[in-house]
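Undergrad: Chains as they are written, first to last, in the numbering used here: chain A, 1 to 117; chain B, 1001 to 1111.
Simulated from the structure, these hints should not be mistaken for laboratory data.
Check before you lean on any hint, since a few could be wrong.
Partial pick of chain A residues on the chain B-facing surface, computed with a CB cut under 8 Å [what the hints assert, rightly or not]:
no., residue
1, 29
2, 32
3, 43
4, 107
As the structure is a prediction and not an experimental result, all values here were calculated from the model.
In this text, a Cβ means the ideal position worked out from N, Cα and C, and glycines have one as well.
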Amino acid sequence: GAVVSQHPSWVICKSGTSVKIECRSLDFQATTMFWYRQFPKQSLMLMATSNEGSKATYEQGVEKDKFLINHASLTLSTLTVTSAHPEDSSFYICSATPPAGGQETQYFGPGTRLLVL
Amino acid sequence: EDKVVQSPLSLVVHEGDTVTLNCSYEVTNFRSLLWYKQEKKAPTFLFMLTSSGIEKKSGRLSSILDKKELFSILNITATQTGDSAVYLCAVRDTSYGKLTFGQGTILTVHP
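Using the sequences and the hints, build the whole thing.
TA: Here is the structure:
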């Protein structure tokens, strides 16, 4: 199946710093990627939809100035958590959909665990 | 607002048992329903359902969708300890493919 990678898989940072997470589709081009956040023992919550070459679409309640999304190419989307605080500690997961055939299936990256001290 | 509700929230069984996980949904523009298995990392895809009444099967797992009653079930027969995971149900709308997830069912299979 399609492969989506994320980097880093783990990050620990101090409060107030910014953290960048990369999401790559390795064997297909993705015009749309999705960013989710998952707190312990909770389900995945969609944060934003990343569109190649245009601005991301954020879900209600997600601060666009805090969670900067850049989808500069058809295989890479980045999520930057700016001025991270302990409450931003979470599991961040991206997903992408192959462009043709099996279009409905979203493939998830392995996730990035963020711990803000 | 789209909504997905899964039940039960958790389930503990013994190896060899059969389990049925439920997913009901409310979505403005339904396109598909997907089942995922999550074990400590990101979810892995199990099934995608778009049509009512057509069972999808993969080994001991099977799933079916009822678009009239707005629900789906995921069956696992002859459960094994390796089936222990969180099972997530999600619905996809027609706008641009975003998924709305249910809260998940935590399945624990004891030897």
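Undergrad: Each of the hints needs a verdict: does it hold here or not?
TA: Verification of the hints:
Given hint, residue 29(A) at the interface with chain B, is violated; its Cβ is 15 Å from that chain's nearest Cβ, farther than 8 Å. The beta carbon of residue 32(A) is positioned within 8 Å of a beta carbon in chain B (closest approach about 6 Å), and the interface hint is therefore held. Checking residue 43(A) against chain B: minimum C-beta separation of about 5 Å stays under 8 Å; hint holds. Taking 8 Å as the C-beta contact cut-off toward chain B, the hint placing residue 107(A) at the interface holds, the least distance being around 7 Å.
Against the hints set out earlier in the document, a violation occurs for number 1 only.
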